[in-house]
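Chains as they are written, first to last, in the working numbering: chain A, 8 to 413; chain B, 8 to 413.
In case anyone wonders, no lab produced these hints; they're calculated from the structure.
The structure presented is a predicted model; accordingly, all values stated were derived computationally and were not measured.
Yeah, the Cβ is synthetic: ideal placement off N, Cα and C, and Gly gets one too.
It is possible that part of the hints are untrue.
[Claimed, not checked] Label-pair restraints from in silico Cβ distances:
| id | chain 1 | residue 1 | chain 2 | residue 2 | range |
| --- | --- | --- | --- | --- | --- |
| 1 | A | Asn287 | B | Ser92 | 36 to 44 Å |
| 2 | B | Ile293 | A | Gly258 | 30 to 38 Å |
| 3 | A | Phe211 | B | Lys104 | 47 to 55 Å |
| 4 | B | Ile387 | A | Ile60 | 25 to 33 Å |
| 5 | B | Ile60 | A | Asp67 | 37 to 45 Å |
| 6 | B | Pro371 | A | Phe211 | 43 to 51 Å |
| 7 | B | His408 | A | Gly335 | 29 to 37 Å |
| 8 | A | Pro350 | B | Ala106 | 56 to 64 Å |
| 9 | A | Phe211 | B | Asp67 | 42 to 50 Å |
| 10 | A | Leu264 | B | Glu72 | 41 to 49 Å |
| 11 | A | Leu372 | B | Asp61 | 24 to 32 Å |
| 12 | B | Asp61 | A | Lys210 | 50 to 58 Å |
| 13 | A | Gly258 | B | Arg345 | 38 to 46 Å |
| 14 | B | Gln352 | A | Phe211 | 40 to 48 Å |
[Unchecked claim] Below, a sample of chain A positions facing chain B; criterion: calculated Cβ distance under 7 Å:
| id | residue |
| --- | --- |
| 15 | Gly83 |
| 16 | Glu174 |
| 17 | Tyr182 |
| 18 | Ser309 |
Number of protein chains: 2
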Amino acid sequence: MKKNVIIGQSGGPTAVINGSLYGVACEALKSADFDHVYGMENGIEGFLNDKFIDMKELKDNGDLELIKTTPSSYLGSCRFKLPESLSDKVYPELFEKFAKQNIGYFFYIGGNDSMDTVSKLSRYAAQIGSDIRILGLPKTIDNDLVETDHTPGFASAAKYVATTVREIAIDASVYDNKKSVTIVEIMGRHAGWLAASSVLARKFEGDNPALIYLPEVAFDPDAFISSVETALETIPNLVVCISEGINDGQGTFICELASDVGVDTFGHKMLTGSGKYLENLVKNRIGVKVRSVELNVSQRCSSSCLSKTDLDEAIASGAFAVQSALAGKTGLMVAFDRISSQPYQMECALKDVNMICNREKTVPLDWITKDGSDIGDAFITYASPLIMGDVAVPKKDGLPHFAYRK
Amino acid sequence: MKKNVIIGQSGGPTAVINGSLYGVACEALKSADFDHVYGMENGIEGFLNDKFIDMKELKDNGDLELIKTTPSSYLGSCRFKLPESLSDKVYPELFEKFAKQNIGYFFYIGGNDSMDTVSKLSRYAAQIGSDIRILGLPKTIDNDLVETDHTPGFASAAKYVATTVREIAIDASVYDNKKSVTIVEIMGRHAGWLAASSVLARKFEGDNPALIYLPEVAFDPDAFISSVETALETIPNLVVCISEGINDGQGTFICELASDVGVDTFGHKMLTGSGKYLENLVKNRIGVKVRSVELNVSQRCSSSCLSKTDLDEAIASGAFAVQSALAGKTGLMVAFDRISSQPYQMECALKDVNMICNREKTVPLDWITKDGSDIGDAFITYASPLIMGDVAVPKKDGLPHFAYRK
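Same shape as in the complex, but just chain A (with noise of 0.2 Å):
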């Protein structure tokens, strides 16, 4: 008897999460080894309550394929931690339901949390001799997954912030008889790829953006004032990009010296206003005209960047794990192989998802230059292929036509 296979998504959305989603659900479905291909609604959360669609429909009324260019979680998402202990009554709970729906292959598509959900099932699966294969996608903008050359997402998200800073600066630089500064607040906790991408919208040598700061160099406000001031020597109307995790390199974020901050489900820390903070400390120090823009959730959901050379990898790994499962393969996640980067060539490979959840990696010190004020050659080597190719997102009525479910 055929085996059913079961898709879901977890973690912030991003602008091709779908195409990862995509890429299993038509993989799937055009294979004869398998029964039903289902979505989790709300990933494993809503799935504990028994919510999951069947994908052949969507295929059948034409959404899977409008699916490809719809930014953030068709299936819905959620930030559910399961129990550290496998002896907790979650997991016997989960597998019934997975026995009863005749899963025999489940594949979730996250980040670096997902991919703990990801190792939780498959440990506990081996633990109770279930022949299920349990696989994860990589996802996220922050680009922070290890053992993975990047992640789908990334690309979109660094070609959204660098088309967006480009026009930022042109339009920061429409007044030329006063001075300015433009803060820039780009998403990413305690990795600066994000931030770094930035760097991709300089035009010429000395275009903005002047200077470039990520969480991975402690920040100094008085030597960022310094390098303001010196930057507003050649540069009239300067913008600046700052990671919204900036911090002092003892374990204070920026915006925590302006102001309280919450925490999330996960414990990490909620962040907001570490350009407001730098605005506010350019208005009282130099006292120039500033302003702070924060680049906010566009940077996961706008499909008016596409990338792609991402989209495209999205699909693939899609379709690569579903080959991968078939070929027996469990308790791993796709990741991605750089051959080469001039020309890009990039293949999908299989690492334990054990050696990936609950870690991060970071943007390497040595691609961060003038004392952590600026990016060097070899982030923007890693980073152009990866934005290459525009995606045409099908309109309507002028406005991009997205599925979402009924």
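For chain A, the structure is supplied; the task is to place chain B on it using the hints.
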């Protein structure tokens, strides 16, 4: 002896203000009626400092074609208010400079402050018997100029707002297990045209954004909280759109309830933080998860959501201005008369600039529904045709390729 043409840009940038520049420059450069075609750097203020460039050089080096899809003011802008008294010495100074450069035609692209410049220069020209023809071209994302159906720049900004709000709404909907409120703050000081455009993001009846607030109707925080509570009953992940300029109807902006504000050089209050204020209000009064997103400068400088209708009209307004000047017209602004909405037909017209400057067109009150918390069908009929059609922006290395002054 042939006369020269000079073009300037003034006020805040838009995504298609360079489309108007392109329209004037192309039409003037292909005509045998003119000698040089100049562009003022940083508007009238730069011209007073003898800063201008020869537009033919841009045609020759290929930048003119790139300008068409480059957002923000290529020539640079200014916020320079000419003195009220036409006896001020700046007027003879300017006209001496016009004479020195053999200027016969003066085109100024801007909003109502810029039309004030056109008004004063044309009145002074009449007073001294100058035959320089002085015409204004409309530009503003705010869409607040009177005597014209709409203004170039509004439609692309509206398309950006509707696209981004639709994306934010699907981003907000991925976690369905708890209620949330997302407040989107949209540009618009006294006129709510852009915030109203967020209604175009709705994919179906009852979709987000469920509540929309404009400056045209007095904002009542208690009624707002009550509407949010009611809406949350059917829409667990609620998106609310507000104009930055929502106010109590008595002259106090909502953001002023939270913090001090400054004024710009025209004495306009500089706003920030209405969204942040309402975020805190919802947190304290309702206690659900809440965030605020400020769409910020990308509304006026993003090239990602260019409306082809908008860009075509901006270019057409430039060509029409040149033809009108050649026909002897002066002291007028190019305006758009709508012939019909379905099918959409527009034609260029000329209006007395004195009737336009320093006035503001707000959203008609009968287009605002549900006690000021929603937008009616009349607005949708008005705005829908304006956002139609996409524009392919030239790309280089995966990013938009913009023209810039070297």
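Problem - Numbered hints the structure breaks, given as an ascending list - result: 3, 5, 7, 9, 11, 12, 13
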